[in-house]
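Colleague: As they're listed, the protein sequences go chains B and C.
Note that my numbering has the first sequence beginning at 1, numbered continuously upward.
Note that my numbering has the second sequence beginning at 293, numbered continuously upward.
Please keep in mind that the hints were generated in silico from the structure rather than gathered at the bench.
Straight line, CA to CA, 30 Å or less: simulated DSBU-like cross-link-like pairs of lysine-lysine:
id : chain 1 : residue 1 : chain 2 : residue 2
1  : C       : Lys671    : B       : Lys245
2  : B       : Lys245    : C       : Lys528
3  : C       : Lys581    : C       : Lys561
4  : C       : Lys347    : B       : Lys245
5  : C       : Lys404    : B       : Lys245
6  : C       : Lys404    : B       : Lys107
7  : B       : Lys146    : B       : Lys10
8  : C       : Lys404    : C       : Lys494
9  : B       : Lys107    : C       : Lys403
10 : C       : Lys373    : B       : Lys245
11 : C       : Lys404    : B       : Lys113
12 : C       : Lys403    : B       : Lys113
13 : B       : Lys230    : C       : Lys403
14 : C       : Lys538    : C       : Lys561
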Amino acid sequence: MSILIGNDTKLAVAGITGREGSFHTLNNRAYGTNVVGGVNPKKAGEDVDGIPVFANWEDTVRESGANTAMIFVPPPFAAASALEAAQAGVELVVIITEGIPAHDELKLYNTVKRDHPGTRVLGPNCPGLLSPGKANVGIIPASFFKPGNVGVVSRSGTLTYQVGNEMAQRGFGNSSIVGIGGDPVPGSSFIDIIALFEADPETELIVMSGEIGGSAEEEAADYIAANVTKPVVGYIAGFTAPEGKTMGHAGAIVSGSAGTAAAKAEALESQGVRVGRTPTQVADIAIEILGG
Amino acid sequence: MDLLEYQGKQLFGRHGLAVSDGQAVTTVDDAVAAANAIGYPVVVKAQVLIGGRGKAGGVKLASDEAEAREHATNILGLDIKGHIVRTLWIEHASDIATEYYASVLLDRSAKKPLVMFSVEGGVDIEEVAENTPEKLIRENVDPLVGLSREQAVDIATRGGADADVIEGVADALVALYTVWIEEDASLAEINPLIVTPDREVKALDAKVTLDDNALFRHPENADLGDSANADPIELKAHEQGVIYVKLDGDIGIMGNGAGLVMSTLDVVKGAGGEPANFLDAGGGSDAAKVTQAIELILSNENVNAVLLNIFGGITRCDEVANGLVAAFAALQPSVPFVVRLDGTNDVEGRRILEEAALPNVYAATTMDGAAAQVVALAKESR
Numbered sequence: 001m002s003i004l005i006g007n008d009t010k011l012a013v014a015g016i017t018g019r020e021g022s023f024h025t026l027n028n029r030a031y032g033t034n035v036v037g038g039v040n041p042k043k044a045g046e047d048v049d050g051i052p053v054f055a056n057w058e059d060t061v062r063e064s065g066a067n068t069a070m071i072f073v074p075p076p077f078a079a080a081s082a083l084e085a086a087q088a089g090v091e092l093v094v095i096i097t098e099g100i101p102a103h104d105e106l107k108l109y110n111t112v113k114r115d116h117p118g119t120r121v122l123g124p125n126c127p128g129l130l131s132p133g134k135a136n137v138g139i140i141p142a143s144f145f146k147p148g149n150v151g152v153v154s155r156s157g158t159l160t161y162q163v164g165n166e167m168a169q170r171g172f173g174n175s176s177i178v179g180i181g182g183d184p185v186p187g188s189s190f191i192d193i194i195a196l197f198e199a200d201p202e203t204e205l206i207v208m209s210g211e212i213g214g215s216a217e218e219e220a221a222d223y224i225a226a227n228v229t230k231p232v233v234g235y236i237a238g239f240t241a242p243e244g245k246t247m248g249h250a251g252a253i254v255s256g257s258a259g260t261a262a263a264k265a266e267a268l269e270s271q272g273v274r275v276g277r278t279p280t281q282v283a284d285i286a287i288e289i290l291g292g
Numbered sequence: 293m294d295l296l297e298y299q300g301k302q303l304f305g306r307h308g309l310a311v312s313d314g315q316a317v318t319t320v321d322d323a324v325a326a327a328n329a330i331g332y333p334v335v336v337k338a339q340v341l342i343g344g345r346g347k348a349g350g351v352k353l354a355s356d357e358a359e360a361r362e363h364a365t366n367i368l369g370l371d372i373k374g375h376i377v378r379t380l381w382i383e384h385a386s387d388i389a390t391e392y393y394a395s396v397l398l399d400r401s402a403k404k405p406l407v408m409f410s411v412e413g414g415v416d417i418e419e420v421a422e423n424t425p426e427k428l429i430r431e432n433v434d435p436l437v438g439l440s441r442e443q444a445v446d447i448a449t450r451g452g453a454d455a456d457v458i459e460g461v462a463d464a465l466v467a468l469y470t471v472w473i474e475e476d477a478s479l480a481e482i483n484p485l486i487v488t489p490d491r492e493v494k495a496l497d498a499k500v501t502l503d504d505n506a507l508f509r510h511p512e513n514a515d516l517g518d519s520a521n522a523d524p525i526e527l528k529a530h531e532q533g534v535i536y537v538k539l540d541g542d543i544g545i546m547g548n549g550a551g552l553v554m555s556t557l558d559v560v561k562g563a564g565g566e567p568a569n570f571l572d573a574g575g576g577s578d579a580a581k582v583t584q585a586i587e588l589i590l591s592n593e594n595v596n597a598v599l600l601n602i603f604g605g606i607t608r609c610d611e612v613a614n615g616l617v618a619a620f621a622a623l624q625p626s627v628p629f630v631v632r633l634d635g636t637n638d639v640e641g642r643r644i645l646e647e648a649a650l651p652n653v654y655a656a657t658t659m660d661g662a663a664a665q666v667v668a669l670a671k672e673s674r
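Just chain B, with the same shape it has in the complex:
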């Protein structure tokens, strides 16, 4: 088992004809993901290396049966494309695009929640997700990961690779690796993904990698204490981040006493979640729990 994507995934991509979009779509297909279509209103009827391009999401879903959408279109149009995919009935919409206005994210989140409760949004500004051995949707370099029993959820892409690699070097594999993104209004939270890992029989340990800003880690800590039976290992980036400076991700900012790494680590530890101070320590703790 894995979560969100696997052998049943039928992926279609908005922005498939762009440089990044086509590169990663073909990468995902080469990994074994079933890529069934792409969206570009100006290039409908054409194809990208055999993948048919449709004019809009409604046509794409009707013609290709896509159940998963990946959004690669530029920031001004990305939220609209994601909403269109939800309207067309896509179950999982993964937004890779970075730099979407926060208000667009806010409206997208609330509209999908109200009008399309059957659709789950992941991202924006996320690396996507990988279920090793089954499917890859996004930009995660899959060669570093193999199938296994550790579920990973993270706000940062490259940090996920770092943590995942530390674990892989010590023999761990992953059920799924999910990037929820570093923006202020993510479509899916730590809680949403942790709940899926809790329900996934293959996942035996959950690693959550957070960072400064917001209170998603604190909320996850409370949720874990009340609802999660599997061991969770935490990591928080940004202990040394200064106040008032956005550290790369639009959502990664300490304002006053809110959003600090220390407060997040404390919230997790007070609920029994062990927190590694470095990515290496995360792997150390995982080994202690699961046995090397």
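Given the coordinates of chain B, assemble chain C onto it according to the supplied hints.
Modeller: Chain C in isolation, oriented as in the chain B frame:
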């Protein structure tokens, strides 16, 4: 992007929120002319993006031309916690009967806009929230519906606004929400929102933060903010599309991806070092971008050693290596570099570095090892 007070007030005025008449000026003569035109008494206010300007002598009341000249002379050029005053806002002094507080911000937890209102204005609102939370009304708004006038009246009433200004406060809240929506703000705050003796409600201060990601919708706002007081390296990085944050230490840091760079800063600090900067070269950096990034890091004179921590996904390690080789040819840096390359094309990247045999460049195989090594090297070259 954080706006100066007068820039925020101009946005307020554009959306029907009452503010005092005023002018932004950059010279003493213009300040005096503005004060004469507005009519005395006036307030001369330093425009800086830092709190505590009143205590620092940056806000003064002037009742005639001589006082206006004196205050403008003293305040222009004043250094307030590292921010040099280059602009003054001259506005007609307001009589104040009561001070309230109002703000609209993004509630990341509820994933909705949050309107806050309190009759305890003019003081630090975080203290109000902590000590007397019942005096701070917090109301989430459905972003698909907006803030209705009824909801605004309810907020003002529950917050305990004087009965005769409920309507005025509600108008101000609706206007503030409109500013927040229409200008793509992440924060729009008024502290204090004053009631004058003749019962007018108006904004005496303005704290507005705009979403940089939405500036493409607001080209007229692109030049706001206080770029004159921004760090010159940060400004240059912004122009180059690289994310750079200046820090106080002496170890230059470059990585790919915000989370990994934040983590690198922590690990370096954990190893006893002090990072000189945060630099996220971003995904898919090519050799030219890497060269530019290294130039940015080295333009900070405090840097005694540099750590490159790359875990390639989109970013290819061979590109990073080529960029480093090009940067050494162009800049001939005198400080040591520790380079950790993992991920896409890492074998090729390491081979390029080995063959180039750059002086003073050390290859590291792990993040922790790289941090320990760069800290030791920085100490040596101090």
